[in-house]
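Just so you know, the sequences run in chain order S and Y. So the first sequence is numbered by my numbering: it starts at 329 and just counts up by one. So the second sequence is numbered by my numbering: it starts at 830 and just counts up by one.
Keep in mind the hints are simulated off the structure, nothing from the lab. A few of these clues could be false.
To be verified - One side of the interface only, derived from the structure: several residues of chain S facing chain Y at Cβ under 8 Å:
#1 Val382
#2 Ala419
#3 Arg420
#4 Gln492
#5 Ile496
#6 Arg501
#7 Leu505
#8 Arg518
#9 Arg582
#10 Glu588
As the list claims (entries may be wrong) - Coverage of chain Y stretches by chain S, computed from C-beta distances (three or more under 8 Å per stretch; other residues unrestricted):
#11 849-862
#12 881-890
#13 893-899
#14 905-916
#15 921-931
Since the model is a prediction, treat every value here as computed from it, not as a measurement. All C-beta atoms in this analysis are idealised placements derived from N, C-alpha and C, irrespective of residue type, glycine included.
If you want the building blocks of each chain, they are given just below.
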Amino acid sequence: MKIFLLLAALLMVPARARAQDDEREPPASDLRLEDFRLAGPPALSLLGISAASVSRPNTPRALIASLVSAAGSEGLVPNGYALETAPFWLARHPALQLSDYYRASLADRLRYFTAISAATSRPSSRNDSVAPDARVSIAVRTLLASGRPSAALLAVSDSMRAAQLNYITRYRRWESLRPVAATLDAERRRLSRQDDLLSTLTTKVLVGPDRELRDSTLRTLARRDSARARVAAAQLASDEIVRLENQMDAIEGRLARYGESYAEHDLEPDGFVLEVAAGTRAVFAEGEWNRERVDGVGAWVTPMYRRSSAGIEIIGVIRYLTRVADYDDDDLLDLGARAGADVGKAAISAEWVRRSIKGSEGRSSSRWAALFEYPLPARLHLVASFGSDFLRRDGKRPVIATLGVNLGVGAVSISAQPPRDPF
Amino acid sequence: MAKKPVLHEQDYIVANGQIRLSIIVGERQFGTSMVFIDDEQTANGIVEELILGDGDSLDGKTATIYTLVTDIRDSSDEMSVTWIIAGGAHRVIATATGTPTKKFGSQMFKGVFHFESP
Chain S
329 MKIFLLLAAL LMVPARARAQ DDEREPPASD LRLEDFRLAG PPALSLLGIS
379 AASVSRPNTP RALIASLVSA AGSEGLVPNG YALETAPFWL ARHPALQLSD
429 YYRASLADRL RYFTAISAAT SRPSSRNDSV APDARVSIAV RTLLASGRPS
479 AALLAVSDSM RAAQLNYITR YRRWESLRPV AATLDAERRR LSRQDDLLST
529 LTTKVLVGPD RELRDSTLRT LARRDSARAR VAAAQLASDE IVRLENQMDA
579 IEGRLARYGE SYAEHDLEPD GFVLEVAAGT RAVFAEGEWN RERVDGVGAW
629 VTPMYRRSSA GIEIIGVIRY LTRVADYDDD DLLDLGARAG ADVGKAAISA
679 EWVRRSIKGS EGRSSSRWAA LFEYPLPARL HLVASFGSDF LRRDGKRPVI
729 ATLGVNLGVG AVSISAQPPR DPF
Chain Y
830 MAKKPVLHEQ DYIVANGQIR LSIIVGERQF GTSMVFIDDE QTANGIVEEL
880 ILGDGDSLDG KTATIYTLVT DIRDSSDEMS VTWIIAGGAH RVIATATGTP
930 TKKFGSQMFK GVFHFESP
């Protein structure tokens, strides 16, 4: 079965069936909702690049170190630097409880969720230039609405709390046994001394019966029995401590998994989430800090509603960008929305994308598509889509009709070109 | 292996009124507490404005509070627990900080308060 599916995947990906002819003509554009939704720092999106690594300092010291390392040599703008930091989280907050975090007011949300990003790039398009121009962007993003904890997050919370109580119960027992268990070695030595003494006294009593010696032997016998009882108790405590430590180790491991799961679910709240971002981009002639001119601005508004228990997710995206190089320095307004729902094991979604180009309305276009996904064995997914692509320069509007198997190494593209940001 | 707790221990002077306890697990971390008066467990879970008893009845007793904090933050593992005791001669606010030994690890905090009359 697996071999059959693999062969089918190789044959079918990307299995494309355009209802209209003219297969060789590339699509007028290749826009999908994900292409202009913020996936990383907005400063990177403003430059149209994806940095190999983004510095995310969370202490003042780390922030200063990052800025100093990126300051560049000889007064030149560095290449490929990206940073995003949330000022609120640079400091410690010993009074900030989880309950306060989830019941945050608008002012609190602005403090918790506002992040500032910056990025630089020195494009290699002018390879002949010793000092190419550099581009620098700075942007800010925040959440105006942050949703509410999902059912999955609440379930993890309940499990964590139960595990923590379980741990504390064992910890207290472990703590109470420790003093007793700690005496085990000393009690064993004491017992050994009593045994030796008793052996000596018994021999003497047998050789020459002496009343005082016999009484002393009986007292030693009693002390020996008492020592034996204490050793047994300490041994029991020691055994129980080992057992409790193993149990606590297991609970700690479980708590670590819950903690990781909590952090993941925390990123996907239920309810209404509204993210906004804005930034500006500047060009520095020949990469010099003192030769700067503003090159463009960008703004993003991303409303989202999720109801995880019903498998429903609705995402909207509004993006406005000025002076876009790929569009002859025209301004772009992108609008898009996607709604998806889980139906049994299958997931269905539909998305609509509209790109408006200011000053060139003839190039404005829209696209819609419906997507169906069904999980197959061996982590494969059957993927099908249907819709209407962007209007081409020749006035034709191709139909999108795709059927394929997602091998799990990346999403099946529903158009010929890889996604590309217009900047 | 069970770890050494972050320990805070102090005396608290009681008065005639009710003694109340609140525990704040800070740094946006996840924590659960268990409260004992001498050997008797009086509360567990999230502790907020918990009435421990009248000052007179608590005189000579000890409140021991265990709070296990688990790291749930991706970008930071800082932890803190604040104990607030009110209703006695003074309001006491004590904070202890710590970090787990590994990412998404847990750390035990232990607050011990000996109640005494003036």
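Each hint tested on the structure:
Given hint, Val382 of chain S at the interface with chain Y, is violated; its Cβ is 12 Å from that chain's nearest Cβ, farther than 8 Å. For Ala419 of chain S, the interface hint is violated, since its Cβ never comes within 8 Å of a Cβ in chain Y; the closest pair sits about 10 Å apart. Here the hint on Arg420 of chain S is kept, as its CB sits about 6 Å from the closest CB of chain Y, short of 8 Å. Using the Cβ-Cβ criterion of 8 Å, the hint placing Gln492 of chain S at the interface with chain Y is satisfied: the shortest such distance is roughly 4 Å.
Satisfaction of the interface hint for Ile496 of chain S is found here, the shortest Cβ-Cβ separation to chain Y being roughly 5 Å, below the 8 Å cut-off. The interface hint given for Arg501 of chain S is broken, as the beta carbon of that residue sits about 11 Å from the closest beta carbon of chain Y, more than 8 Å. Taken as an interface hint, Leu505 of chain S does not check out: its beta carbon lies about 11 Å from the nearest beta carbon of chain Y, beyond 8 Å. Hint status for Arg518 of chain S: violated, given a least beta-carbon distance of 27 Å to chain Y, over 8 Å.
Checking Arg582 of chain S against chain Y by beta carbon gives a least distance of about 10 Å; that is not within 8 Å, so the hint is violated. Below 8 Å, beta-carbon pairs count as interface contacts, and Glu588 of chain S has one with chain Y at about 5 Å; its hint therefore holds. Look at the segment 849-862 of chain Y against chain S: 10 of its residues bring a Cβ nearer than 8 Å to a Cβ of that chain, three or more, so the hint holds. Beta-carbon proximity to chain S at under 8 Å applies to 0 residues in the segment 881-890 of chain Y; the threshold of 3 is not reached and the given coverage is violated.
With a cut-off of 8 Å between beta carbons, the segment 893-899 of chain Y has 3 residues touching chain S; three or more are needed, and the interface restraint holds. Only when three residues or more bring their CB closer than 8 Å to a CB of chain S does the claim for the segment 905-916 of chain Y stand; here the count is 4, and the claim holds. By the rule of at least three residues with a Cβ nearer than 8 Å to a Cβ of chain S, the coverage given for the segment 921-931 of chain Y holds, with 3 such residues.
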